[in-house]
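Enquirer: Residue-level listing of the chains:
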Amino acid sequence: AQKITQTQPGMFVQEKEAVTLDCTYDTSDQSYGLFWYKQPSSGEMIFLIYQGSYDEQNATEGRYSLNFQKARKSANLVISASQLGDSAMYFCAMREGFSGNTPLVFGKGTRLSVIA
Amino acid sequence: DVKVTQSSRYLVKRTGEKVFLECVQDMDHENMFWYRQDPGLGLRLIYFSYDVKMKEKGDIPEGYSVSREKKERFSLILESASTNQTSMYLCASSLWDRGSHQPQHFGDGTRLSIL
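From first to last, the protein sequence lines are chains A and B. Take the working numbering: the final residue in the first sequence is number 116, and no numbers are missing along the way. Take the working numbering: the final residue in the second sequence is number 115, and no numbers are missing along the way.
Here chain A stands alone, though its shape is the one from the complex (with noise of 0.2 Å):
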């Protein structure tokens, strides 16, 4: 079974609009976190931002945004006033339990076009 769903293999947004990307998981850990990484088409992965099990506050980090339902198992990323450089591949991963030595996984991605 798939740990990290993204159903979204593509998306558009215009240009100064806000968009929502999808990301549900699945675990039975009681601890564990999740992340939010940005490819675009030179390839690096870009951390954006972070969400732990145990936080009670969604997490932001300037126009990146968490919306975190954790009884939902969900985790979508929220981009506000979309820019043409927020096109990208945009992948959410998950890691379970307290350490930090555990891989992320991650899930297959949603590629992200902005139009002008």
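To be clear, the hints were calculated from the coordinates, so they are not data collected in a lab. Note that beta-carbon positions come from the ideal geometry of N, C-alpha and C, so glycine has one too. Any given hint could turn out to be false.
[Unchecked claim] Facing chain A, from chain B, some residues (calculated, C-beta under 7 Å): (1) N31; (2) F33; (3) L43; (4) F48; (5) H101; (6) Q102; (7) P103; (8) F106; (9) D108.
[As the list claims (entries may be wrong)] Below, a list of computed lysine to aspartate or glutamate pairs in the EDC-like style, where the Cα atoms sit at most 16 Å apart: (10) A:K108 x B:D59; (11) A:K3 x B:D59; (12) B:K3 x A:E44; (13) A:K108 x B:D38; (14) A:K73 x A:D55.
Given the coordinates of chain A, assemble chain B onto it according to the supplied hints.
Expert: Just chain B, lined up with the frame of chain A:
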């Protein structure tokens, strides 16, 4: 800033060759990882290492091996390259057990083509 450097951005090899992909990080990170990325499949973990001379299999280790002789360097080896190993390979590193919030830092990737 953390710097993870992969030796080649693009690499073309022939079937049956032994291929080495090199990764070096400059931040004294204990943990290092190799993933491959294929369209529609996301990133899949091949091998990882917590320390020098230590290695752990990931989800898809078949056809690969790794070497970690120095803390900063983690090499992925394709013992006898095959066309189904044509892919994008990503190396990552992270600090030892600083909590689940620790992100992995990635290199720019190597696009490997096996002809």
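Enquirer: For the pair supplied as a hint, K108 of chain A and D38 of chain B, is the alpha-carbon distance within the 16 Å limit?
Expert: holds, 9 Å
Enquirer: Could you check if H101 of chain B really has its C-beta closer than 7 Å to a C-beta on chain A?
Expert: Holds: closest Cβ of chain A sits about 5 Å from H101 of chain B, inside 7 Å.
Enquirer: A closest beta-carbon separation below 7 Å is what the hint needs, so does Q102 of chain B meet it against chain A?
Expert: For Q102 of chain B, the interface hint holds, since the closest Cβ of chain A sits about 4 Å away, which is under 7 Å.
Enquirer: Do the alpha carbons of K108 of chain A and D59 of chain B lie within 16 Å of each other, as the hint requires?
Expert: Satisfied, since the Cα-Cα distance of roughly 15 Å is no more than 16 Å.
Enquirer: Going by Cβ atoms only, is L43 of chain B closer than 7 Å to chain A?
Expert: Since the shortest Cβ distance to chain A is 4 Å, the answer is holds.
Enquirer: Are the Cα atoms of K73 of chain A and D55 of chain A separated by 16 Å or less?
Expert: The hint holds at about 14 Å.
Enquirer: Hint N31 of chain B vs chain A: min CB-CB distance below 7 Å?
Expert: holds, 6 Å
Enquirer: Just to be careful: measuring from the Cβ of D108 of chain B to every Cβ in chain A, is the smallest value less than 7 Å?
Expert: holds, 5 Å
Enquirer: Mind checking the CB of F106 of chain B against every CB in chain A and telling me if the closest is under 7 Å?
Expert: Nearest chain A Cβ about 4 Å off; hint holds.
Enquirer: Are the Cα positions of K3 of chain A and D59 of chain B separated by 16 Å at most?
Expert: Holds. K3 of chain A to D59 of chain B sits at ~13 Å (cutoff 16 Å).
Enquirer: With chain A as the partner, please determine if F48 of chain B meets the hint condition of a C-beta pair closer than 7 Å.
Expert: holds, 5 Å
Enquirer: Does the nearest C-beta of chain A fall within a distance shorter than 7 Å of the C-beta of F33 of chain B?
Expert: holds, 6 Å
The structure fails none of the hints (numbered hints given earlier).
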